[in-house]
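**Student:** Residue-level listing of the chains:
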Amino acid sequence: MENREDKNMNITEKILAKASGKKSVSPGEIVDANVDVVMVHDLTGPLAVESFKKIGTEKVWDNKKVVVILDHQVPAESVKAAELHKTMRQFAKDQKLRIYDVGRGGICHQVMPEQGHVVPGTVIVGADSHTCTYGAFGAFATGIGSTEAAAVMATGKIWLKVPEAIKIDVNGKFGKYVTAKDLVLNIIGKLGVDGAIYKSAEFTGQTMREMSIAGRMTICNMAVEMGAKNGIIEPDATTKEFLQNRVKKKPDFASLKSDKDAVYAQTLEFNVSKLEPQVACPSSVDKVKPVSEVDMPIDQAFIGSCTNGRLEDLRLAAQVIKGKKVKDGVRALVIPASVEVYKQALAEGLIETFTEAGAVVCGSACGPCLGGHIGLLAAGETCVSTSNRNFIGRMGSTQASVFLASPATVAASAVTGKITDPRKLEAKAK
Amino acid sequence: MNMKVSGPVIKFGNNIDTDVILPGKYLILVDPYDLAKHALEGLDPAFPAKAKDGVIIVGGKNFGCGSSREQAPLALKYSGVKCVIAESFARIFFRNAINIGLPVIECKGISEAVSDGDQLTVNFETGKIENATNGKTFQVPKLPSFIQTILSDGGLIENLQRRINKK
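These protein sequence lines are chains Z and Y, in that order.
Positions 0 to 429 (numbering that gives the first Met the number 0) are the ones given, in order, by the first sequence.
Positions 0 to 166 (numbering that gives the first Met the number 0) are the ones given, in order, by the second sequence.
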């Protein structure tokens, strides 16, 4: 790629060129890409299985490249959900697929990288919109529907339009209790929920280089909330360290960098040094305000989801809540993103901290994030949540309100019973 | 699939997300006609009754944003929606709709040119949209031919069946 005659490409273009057997690709071009991994879960999988059977091919194109994860309605909360799970177990058995069943995995977007299914430079599609999370590892990852997942299972290929890219360059150092979640909410607030529609969002800059894998996952997870096709961060030593002992094949990190003269449709600059905790108000993820401008009593606080249910998030929330109590009249839910996270949280005493504070810790699942089950809201109720969407009806009643914030802000809010700046709670305690 | 559809318009605004199109609690339903009973319940519980004789949805920007749930376009299709026209679509919804055989058309300026109840005719072959109520017309770029083929086959599965059987 050093040849000057070669086209300058960004990392997303490089991955798509390689996946479609081309030397170079340009935005707007439609390519037929080879897929490295396709993932389905318990709410999108059954429809994919039905579609797959209709296609008439007997076996999936490569049983090592299809992953099934039960995470949304788990453990089954109804007979209907149990039937869906049964369908997925049977399909996985018949096709000899890797399946992460109840108690064995957790939320799909946490399990995929933890279990080594995410490799930098690969093309991953998943029947879930937050599949874009894996861009945190320098993979091209995007969400698709069930029927499309079935088509990929049958053919191993997908047509993709090469997206234009937006470069989001982030610099500065986070203050105490200000996190990657606050940054991504701030970005979405500025860009809007369709600000990156059809595009690739590439996150660069010193802040991204210094950010943990958990933080990078939070950022890329929410790329879809700005409309992006994929979010992506160049893999580096931090990525390498996380993937060690998880991924067998050694990826070629050196080639997974955007060329210096790569073309971007837009470049945005952010500095986090003076950023205060952010809150996305109902019912759109871009209705973002600094926490100091939000005065709102809450009924429920939720810490978890594919956005913010990782060990780092639980540590932060526990640090805020330790030795304090969840306010009377408020229920606090903590849901570790995976069994691995749960076990680490248990070993570190975090589960005890939450339980002592009066929070309930549930088994790893998507939980109230999508209003499927566990912790739904009644009409007129308000929840402050670490998850990714605050749409009307997202967590239950269409008359309920959801505010999105970081684990530190949600933990502080659980203690005071209203949306609270975690820095102020600490100052008060001193 | 019929390459020309007509019907009255039901109009929506910007950023209509798939949670309001089909709330998460109904994702355990399998029958598309059961899904259709809850189409757009998050915004208008009366929508299925209004749509049952065939309607065209006109949306604003970023129609179908959010969750990748294919049950959202399925619910619309089986409730009686013949076509969705919007200023722009969230990409997963756009693909899902085509894959299940629900025509979707991106048309800049459509929101301002139609009102609730206007009678629209859409020709997918020519890309022409006509508003019989106020006489306004739009010409949109045609979809790439392979996408048109998926739609005319009735969806991606039917398209794949045909392609695989041909081999």
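Just so you know, the hints here were simulated from the structure itself, not pulled from any lab data.
All C-beta atoms in this analysis are idealised placements derived from N, C-alpha and C, irrespective of residue type, glycine included.
Treat the hints with care, as some may be off.
Have a look at the derived ranges for each label pair, beta carbon to beta carbon [said to hold, decoys possible]:
| hint | chain 1 | residue 1 | chain 2 | residue 2 | range |
| --- | --- | --- | --- | --- | --- |
| 1 | Z | E268 | Y | F145 | 36 to 46 Å |
| 2 | Y | F145 | Z | S254 | 45 to 55 Å |
| 3 | Z | R208 | Y | D33 | 47 to 57 Å |
| 4 | Y | E111 | Z | G348 | 29 to 39 Å |
| 5 | Z | E268 | Y | Q118 | 44 to 54 Å |
| 6 | Y | Q118 | Z | S25 | 53 to 63 Å |
| 7 | Z | G322 | Y | E105 | 53 to 63 Å |
| 8 | Z | G379 | Y | E105 | 52 to 62 Å |
**Student:** Determine for every hint whether it applies to the structure shown.
**Tutor:** Hint check:
no.: 1; hint: Z:E268 x Y:F145: 36 to 46 Å; result: 39 Å, holds
no.: 2; hint: Y:F145 x Z:S254: 45 to 55 Å; result: 30 Å, violated
no.: 3; hint: Z:R208 x Y:D33: 47 to 57 Å; result: 49 Å, holds
no.: 4; hint: Y:E111 x Z:G348: 29 to 39 Å; result: 59 Å, violated
no.: 5; hint: Z:E268 x Y:Q118: 44 to 54 Å; result: 49 Å, holds
no.: 6; hint: Y:Q118 x Z:S25: 53 to 63 Å; result: 41 Å, violated
no.: 7; hint: Z:G322 x Y:E105: 53 to 63 Å; result: 55 Å, holds
no.: 8; hint: Z:G379 x Y:E105: 52 to 62 Å; result: 38 Å, violated
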